[in-house]
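Visitor: Sequence:
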Amino acid sequence: MERKIPYESVMPHLKSLRTFGYYQIDAKYSKFQKFLQSSYMCLILSLISIFTMQQVAKVYQVMDDPNKVIDTMFLLLTNSDSIYKQVIFWRKHDQIEELLKILQVLLRGFNIAALLTCLLWVLCPMILYTQSKPVEFAIWLPFDPNRSPQFYYAILYVWVQTSWLAYGNTSMDTFITYFFAQCKTQLSILSEIVRLCNKTQGIFGGAIFYFFLVSAWIICTTAYRIITKIPQNYRFSLLLFMERIKRRIEPMAGVIIPLSLNTFVSTTKEK
18 MERKIPYESV MPHLKSLRTF GYYQIDAKYS KFQKFLQSSY MCLILSLISI
68 FTMQQVAKVY QVMDDPNKVI DTMFLLLTNS DSIYKQVIFW RKHDQIEELL
118 KILQVLLRGF NIAALLTCLL WVLCPMILYT QSKPVEFAIW LPFDPNRSPQ
168 FYYAILYVWV QTSWLAYGNT SMDTFITYFF AQCKTQLSIL SEIVRLCNKT
218 QGIFGGAIFY FFLVSAWIIC TTAYRIITKI PQNYRFSLLL FMERIKRRIE
268 PMAGVIIPLS LNTFVSTTKE K
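Heads up, our numbering is the position in the sequence shown plus 17, with the first residue counted as 1.
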């Protein structure tokens, strides 16, 4: 089956995930190859888990020093988030594959069917002619088609014309249908977006929420450490700056007339 562009766009990401042991290989591979990939994924997960447990032990070791605890927690929380997502990719592999299948065509077949129909259409007069029965074509001809050379001219002419028309007509029908299908596709996309969002939320919602908590913690602790290490004078200036930028910037003409769209409209109306 021909792969679609949306599916091709995720192929580099799938290749990276499989290379680094985060995602299973395709179903087309043998059971032994899948077993090797699963073993590799298990090895990677074990190595990351061991490294994370070492960080947990480090936090326990330096509990009396808040700065060292914060330094260790940066990477610890990031690794725990990675483990959580890796487990989701492993345990919900089938559901993710269903999402990928959505991302994975028939004018040529329509044309071939039309040409085959035309070929079968001219076979009937040929069979009648071989049986020495009178042949009647559905077109006017300036000669008698039941005689020897004229029949072959007529049958060739009818076949070429009907095939030509059939090919062009089916192409035009498909072209018109394409635009109607585009209208339908827009509606289908909307319903698919809702369904896909719900399914994606069910699979990755927990991981995203945990990632949000980790990111918020890292940002807050980073801001706290920055604010505790900068000089007090700079803190005061920073506080004043933060308060000043709350005020909107309003350009004024002569420190009296605001340069805004409302002023322009009112001036134009007066003129």
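Don't read these hints as lab results, they were simulated from the structure. Don't take every hint at face value.
[As the list claims (entries may be wrong)] Distance windows between CB atoms, simulated:
hint, residue 1, residue 2, range
1, Lys-51, Trp-138, 47 to 57 Å
2, Asp-43, Gln-203, 39 to 49 Å
3, Tyr-170, Ile-144, 13 to 23 Å
4, Gln-203, Lys-246, 47 to 57 Å
5, Cys-214, Ile-144, 58 to 68 Å
6, Thr-280, Pro-83, 33 to 43 Å
[Stated by the list, open to error] As a list, the in silico SDA-like pairs of lysine to any residue whose alpha-carbon atoms are at most 20 Å apart:
hint, residue 1, residue 2
7, Lys-75, Leu-92
8, Lys-51, Thr-69
9, Lys-85, Lys-102
10, Lys-216, Gly-38
11, Lys-32, Leu-62
12, Lys-109, Tyr-170
13, Lys-109, Tyr-40
14, Lys-102, Gln-218
15, Lys-48, Lys-109
16, Lys-109, Asp-98
17, Lys-109, Ile-247
18, Lys-75, Thr-95
19, Lys-102, Ser-283
20, Lys-32, Lys-150
21, Lys-75, Val-231
22, Lys-216, Ala-74
23, Lys-109, Tyr-184
24, Lys-150, Tyr-170
25, Lys-102, Lys-75
Even for Gly, the Cβ is constructed at its ideal location relative to N, Cα and C.
Visitor: For every hint, state whether the structure bears it out.
Guide: Verification of the supplied hints:
| no. | hint | verdict |
| --- | --- | --- |
| 1 | Lys-51 x Trp-138: 47 to 57 Å | 52 Å, holds |
| 2 | Asp-43 x Gln-203: 39 to 49 Å | 31 Å, violated |
| 3 | Tyr-170 x Ile-144: 13 to 23 Å | 18 Å, holds |
| 4 | Gln-203 x Lys-246: 47 to 57 Å | 54 Å, holds |
| 5 | Cys-214 x Ile-144: 58 to 68 Å | 60 Å, holds |
| 6 | Thr-280 x Pro-83: 33 to 43 Å | 55 Å, violated |
| 7 | Lys-75 x Leu-92 | 12 Å, holds |
| 8 | Lys-51 x Thr-69 | 27 Å, violated |
| 9 | Lys-85 x Lys-102 | 26 Å, violated |
| 10 | Lys-216 x Gly-38 | 24 Å, violated |
| 11 | Lys-32 x Leu-62 | 18 Å, holds |
| 12 | Lys-109 x Tyr-170 | 66 Å, violated |
| 13 | Lys-109 x Tyr-40 | 10 Å, holds |
| 14 | Lys-102 x Gln-218 | 13 Å, holds |
| 15 | Lys-48 x Lys-109 | 19 Å, holds |
| 16 | Lys-109 x Asp-98 | 16 Å, holds |
| 17 | Lys-109 x Ile-247 | 47 Å, violated |
| 18 | Lys-75 x Thr-95 | 15 Å, holds |
| 19 | Lys-102 x Ser-283 | 57 Å, violated |
| 20 | Lys-32 x Lys-150 | 67 Å, violated |
| 21 | Lys-75 x Val-231 | 19 Å, holds |
| 22 | Lys-216 x Ala-74 | 37 Å, violated |
| 23 | Lys-109 x Tyr-184 | 47 Å, violated |
| 24 | Lys-150 x Tyr-170 | 18 Å, holds |
| 25 | Lys-102 x Lys-75 | 23 Å, violated |
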